[in-house]
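Residue numbers (my numbering), protein chains in the order written: chain H, 1 to 179; chain E, 180 to 745.
It should be emphasised that the hints constitute simulated quantities derived from the structure, not laboratory data. Hints are all accurate, no fakes.
Within a straight-line C-alpha distance of at most 20 Å, the following computed PhoX-like cross-link-like pairs (lysine-lysine) qualify: (1) E:Lys428 / E:Lys388; (2) E:Lys443 / E:Lys574; (3) E:Lys574 / E:Lys435; (4) E:Lys396 / H:Lys7; (5) E:Lys230 / E:Lys666; (6) E:Lys388 / H:Lys7.
On a predicted model such as this, the values are computed, not experimentally measured, just so you know.
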Amino acid sequence: MDVCAPKIAVLGLGNLLFKDEGLGVVAMHYLRHNFRFSAALDFVDGGTLGINLLDYFHDYSHLLILDSLSTPSAEPGAVFRLPLTALQNLGDYRKTAHEIELLQALDMARLLGLNFELEVVAMIPQDIESVTFVLSEPVQAAMPLMADTAREVLANWGVQTHPIAQPLSAAKIAAHHHP
Amino acid sequence: MSSATKQKIVIDPVTRIEGHLRIEVELDEHNVVNQAWASGQLFRGIETILKGRDPRDTGLIAQRICGVCTNVHYRASISAVEQAYQIEIPRNAEIVRNLVSLALFVQDHLVHYYHLHSLDYVDVVSALSADPKLASEQAHDWHSHPYQCSQSDLAASQQKLTQFVQAGRLGLFANGYWGHSAYRFSAEQNLIHMHHYLEALRIQREISKAIAIFAGKTPHPQNLVVGGVTSVMDMLNPQRMNDYLFIIKDAREFIKRAYLPDMKMLVSAYRDSIKAGEGRGHGHFMSAGGYRLFNDQTLFAQGVVFGHQFDQLADFDPSQITEEAARSWYQDNEPRTPYDQTTEPHYTDLNDDGTLKTEGKYSWIKSPRYQGKAMEVGPAARMIIGYLRDAPLIKPYMDSFMQACELELIDFSSTIGRNAARAIEAELTCDAIFAFASELIENIKYYDETTWTRYVFEDLPSRAQGAGIFEVPRGTLAHFVRIDDAKVANYQAVVPTTWNASPKDGQNQPGPYEASLIGIRLADPQNPLEVLRVVHSFDPCLACAVHVIDAQGQALAEYRIQPKSL
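Please construct the entire structure, taking both the sequences and the accompanying hints into account.
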């Protein structure tokens with residue numbers, strides 16, 4: 001495995017239809033558009049993949065996931081970098097639900113014995129209910145921080161990133177990349 | 180019964196695969212459900228974002244209604260616009276669309292049974308203590324050539340599970356009610372199921388690849404356009420078709436030699452529950468039919484049954500569909516056709532203790548009705564109606580299963596029956612896929628390579644309306660579009676879970692979930708496994724995809740990133 005070049009995907013998760021719910025997808029486009037990369041990366045609009053996340057765990061050696069995060073102790077726009085070990089302690093798997101989301105898909109991957117590196121860069125959303133393609137102010141403002149955090153993850157994986165001369169704002173990116 | 184003996188149980192969320200569903204039930208002194216309410220907990224109002232758009236673009240937005248069912252919403256949306264403009268698509272395009280939709284049936288049914296529902300019946304902890312040799316022998320009781328069920332296969336799966344559990348966290352399996360008295364499988368039967376749980380993970384992933392062959396980009400396909408499909412090169416390339424069929428063939432083997440035998444095992448273990456009609460609703464079933472075969476028959480038969488009156492099958496007529504919001508958090512209480520629906524929220528909140536205001540409005544889901552009745556949709560409805568219509572691709576499969584398990588048609592109207600219908604449908608869907616694939620290959624051989632019907636958008640009528648109505652894995656899906664001035668004037672999607680999870684209506688008629696829960700007895704009200712079994716048997720999926728990582732109650736401060744400039 002190590003003798004091969006890593007196969008890296010940047011996977012933006014969330015639903016673009018519901019304001020900040022889609023911030024992970026916007027962050028993926030923001031990163032893709034505003035930087036140049038020293039290695040070939042696959043950028044994926046993952047939408048609201050459930051069990052199909054397993055496809056990506058299977059096909060890539062390194063996965064950078066950009067997503068939204070719900071935690072009581074932080075304000076909208078707060079950015080977190082969560083390594084796999086942090087994720088494995090997350091979520092109390094509410095007793096009544098049989099849900100398959102990122103955390104469950106990771107467990108399934110563990111059960112199947114799949115090997116891959118994964119980190120999540122996530123941001124606290126403000127509004128995930130309004131039906132609009134426009135991101136909230138705090139989420140727009142924190143997008144550069146989210147991108148920089150994502151770049152640090154990529155740097156650890158040996159990928160250098162360089163800002164382009166005229167980057168687009170998060171608002172412009174969101175406006176360009178909805179269906 | 181005095182109110183002091185009443186006990187209320189709240190289950191929230193039942194599913195978060197797509198959105199939130201809350202169930203509240205009221206128990207009598209014998210722990211039997213005598214009242215039930217199903218509530219969708221998120222306002223979505225997706226339709227509002229489509230107003231004013233070019234009708235050719237609705238499909239790309241509507242597909243994002245659901246993260247799991249993108250393809251079927253995409254297709255229904257495009258078809259609604261095609262119907263509005265009376266554009267007939269070429270046969271090849273119809274078949275390519277069918278190959279994608281039907282592969283989704285197979286994938287959805289497998290994932291539903293093994294990964295979303297089976298743990299309501301399978302005790303994973305018990306599987307760890309099974310004897311793999313005995314389990315291998317027992318697997319042969321249910322099929323003469325069980326799918327990869329040798330002693331060493333089963334022991335390997337048991338080993339994987341043991342390692343997973345011993346790593347300290349049950350994780351994936353922590354949802355369950357291990358040791359609950361309602362579990363009936365032996366340790367060996369649990370191991371067989373868990374072994375297939377693992378195999379099904381692999382197969383469902385292969386089916387994703389099959390879908391991608393004709394749907395192009397996943398998860399957000401772009402292969403459909405008003406008038407046809409764009410995946411022309413994939414259709415013409417024999418290698419692509421071969422890859423697709425190879426995957427479906429493997430899935431078919433799994434269904435015939437693992438899924439169906441497992442279902443027979445379930446039916447056998449819960450025969451008394453089926454015969455007692457546990458989880459039976461009011462018996463109003465609906466199917467729009469569809470998936471036209473080469474001989475002008477259809478894979479699924481259309482029809483409507485009221486109150487289990489199987490001798491009075493009526494024709495399905497989409498003009499009989501209304502939606503109302505008398506008990507839903509919207510302003511307009513009156514039943515209206517979907518073309519004239521409004522989506523103005525009117526949230527009346529919960530009680531102070533966080534329970535539903537069950538006397539008033541209590542759900543974000545509307546109440547669709549057919550001739551004023553709440554209809555159950557999905558595999559059970561399709562299999563019952565197909566059987567009654569003598570549908571050539573349904574009747575023999577139903578007969579075979581019913582004979583093997585000594586079931587009658589009414590038995591499919593139950594919790595276990597819904598699951599059995601789904602497994603039978605998975606089998607016959609695979610076989611239908613081969614029929615459609617052969618027809619496509621024949622067409623191409625005789626140089627019919629058309630995939631798109633030409634039209635000039637500017638010449639189309641500026642006012643029109645149409646519906647795209649399809650049977651999809653969870654039931655009847657309908658998208659309705661009204662076009663004015665060549666723009667979308669109104670848009671409504673009535674999805675399968677809207678039918679099944681609908682709240683009561685102005686007449687106080689319960690929705691199918693609610694009706695099916697009445698009479699269920701709970702062994703332990705603190706662990707309401709029996710309620711989950713009923714609701715999960717419908718394959719709930721709310722049309723509202725949200726995927727926030729949930730870290731409630733976790734300390735994450737150490738992972739917080741601070742802006743450097745501050």
